[in-house]
Amino acid sequence: MRLCLRRREFIAGLGGAAAWPLAVNAQQTKPTIGWLTDALPPRDVIDAFRRGLAEIGFLEGRDVTVEYHTTDGHSERLSPLLADLVLRRVAVILAATTASAVAAKAATRTIPVVFEMGGDPVELGLVASLNRPGGNLTGVVNLGAEIAAKRLELLHKLVPAGESIAMLVGPTDPYTQAETTNVQSAARTLGLRMLLFNATTESEIAAAFATLVERGAGAVLLTAHLQLVPRYDQIISLAVRNALPTMFYRGSAVREGGLSSYGPVINENYRLAGAYTGRILKGEKPGDLPVQLATRFEFIINLRTASAIRLEIPPLLLALADEVIE
Numbered sequence: 000m001r002l003c004l005r006r007r008e009f010i011a012g013l014g015g016a017a018a019w020p021l022a023v024n025a026q027q028t029k030p031t032i033g034w035l036t037d038a039l040p041p042r043d044v045i046d047a048f049r050r051g052l053a054e055i056g057f058l059e060g061r062d063v064t065v066e067y068h069t070t071d072g073h074s075e076r077l078s079p080l081l082a083d084l085v086l087r088r089v090a091v092i093l094a095a096t097t098a099s100a101v102a103a104k105a106a107t108r109t110i111p112v113v114f115e116m117g118g119d120p121v122e123l124g125l126v127a128s129l130n131r132p133g134g135n136l137t138g139v140v141n142l143g144a145e146i147a148a149k150r151l152e153l154l155h156k157l158v159p160a161g162e163s164i165a166m167l168v169g170p171t172d173p174y175t176q177a178e179t180t181n182v183q184s185a186a187r188t189l190g191l192r193m194l195l196f197n198a199t200t201e202s203e204i205a206a207a208f209a210t211l212v213e214r215g216a217g218a219v220l221l222t223a224h225l226q227l228v229p230r231y232d233q234i235i236s237l238a239v240r241n242a243l244p245t246m247f248y249r250g251s252a253v254r255e256g257g258l259s260s261y262g263p264v265i266n267e268n269y270r271l272a273g274a275y276t277g278r279i280l281k282g283e284k285p286g287d288l289p290v291q292l293a294t295r296f297e298f299i300i301n302l303r304t305a306s307a308i309r310l311e312i313p314p315l316l317l318a319l320a321d322e323v324i325e
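Here the sequence shown is numbered in numbering that gives the first Met the number 0, starting from 0 and rising by one per residue.
Hints are computed from structural coordinates only; laboratory data are not their basis.
Every residue gets a Cβ at the ideal spot worked out from N, C-alpha and C, and that includes glycine.
Check before you lean on any hint, since a few could be wrong.
Taking CB as the label site, the calculated pair distances span [to be verified]:
#1 Ala127 <-> Val158: 41 to 49 Å
#2 Lys284 <-> Glu255: 34 to 42 Å
#3 Gln183 <-> Pro313: 23 to 31 Å
#4 Gly282 <-> Ala206: 48 to 56 Å
#5 Ala82 <-> Arg50: 27 to 35 Å
#6 Gln183 <-> Lys156: 17 to 25 Å
#7 Glu122 <-> Lys281: 24 to 32 Å
#8 Glu145 <-> Arg108: 22 to 30 Å
#9 Glu255 <-> Ala206: 18 to 26 Å
#10 Ala206 <-> Lys156: 28 to 36 Å
#11 Thr294 <-> Gln176: 23 to 31 Å
#12 Gln183 <-> Ser128: 23 to 31 Å
#13 Gly215 <-> Thr188: 31 to 39 Å
I would like the entire structure built from these sequences, with the hints used as guidance.
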């Protein structure tokens, strides 16, 4: 039995594909794209990927099949999932986390892999260079780890009196380690004390909030880890209940009631990943497609939430915000 939380197929049958380059034509079976991640991607992310595919001429269902596989936070499932995708020789693997990209690199040297990740692909040995990746991997780097310090700085400006900041992190992986290291370095510069909590399940998050409130945390910073996304509602509810300012990585969290966010426009990254996937299906080699770096970032503030937790937002920060929700 495949270790797959949810798999959605939009055409009957599975499309087989050999090693890249792959040219798609009318005589071939529709290719299969295997999407591998920690948690089921939000609808807007899926739609953005579809837009990228469509730009190159591929429509999900009509021209390609996309399977959505998730480890549901269990890293030990990565290897079996990848072994299954490799055995069936899917056309492209979309690795939506740093950990899945690293695992895909170890699992296959022939099937193209397009990643959307926060780690440094050169440092991790996934590509030879950003401009000329070589091998079978390329994709988009969201620079989440690099901007982690900026997110902490903005949160500190929102809550200048807070001396302790709680940080919710996901399971340890190369990306989480880099993000945490950058935040801790920035905290030392700012004279802040960081309280780290490895919490992703409902019970872990509830326990983390109970502890961070008891220890006097002045605000909560969330890492970019995908396993936190399904828990946004719970985190937002607990933060508002305890009048705690929050800084998220994804703008969608602020539109749902979080206080603030700073990060790349994730949907744009997945549109680019979709376009790269389409170009590979057209016959281009991953190793010839330069790794793209996120270039669009957004700072969002929710004034309704600020009012609910009785926090006054400095006018300068409101002026800096790309979007203010009133």
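Quick rundown of the hints versus the structure:
1. Ala127 <-> Val158: 41 to 49 Å: This hint holds: roughly 43 Å between Cβ atoms.
2. Lys284 <-> Glu255: 34 to 42 Å: Hint holds: Cβ distance 40 Å, inside 34 to 42 Å.
3. Gln183 <-> Pro313: 23 to 31 Å: For proline 313 against glutamine 183, whose Cβ atoms are near 25 Å apart, the range 23 to 31 Å holds.
4. Gly282 <-> Ala206: 48 to 56 Å: 52 Å, holds
5. Ala82 <-> Arg50: 27 to 35 Å: Roughly 31 Å apart at Cβ, these two residues keep to the hinted range, so it holds.
6. Gln183 <-> Lys156: 17 to 25 Å: Hint holds: Cβ distance 19 Å, inside 17 to 25 Å.
7. Glu122 <-> Lys281: 24 to 32 Å: For glutamate 122 and lysine 281 the Cβ distance comes to about 30 Å; the hint holds.
8. Glu145 <-> Arg108: 22 to 30 Å: 28 Å, holds
9. Glu255 <-> Ala206: 18 to 26 Å: Check passed, 22 Å falls within 18 to 26 Å.
10. Ala206 <-> Lys156: 28 to 36 Å: 29 Å, holds
11. Thr294 <-> Gln176: 23 to 31 Å: 25 Å, holds
12. Gln183 <-> Ser128: 23 to 31 Å: Given a distance of about 29 Å, which is inside 23 to 31 Å, the answer is holds.
13. Gly215 <-> Thr188: 31 to 39 Å: Cβ of glycine 215 to Cβ of threonine 188: about 21 Å, so the range 31 to 39 Å is violated.
Checked against the numbered hints given earlier, the structure breaks only hint 13 and satisfies all the rest.
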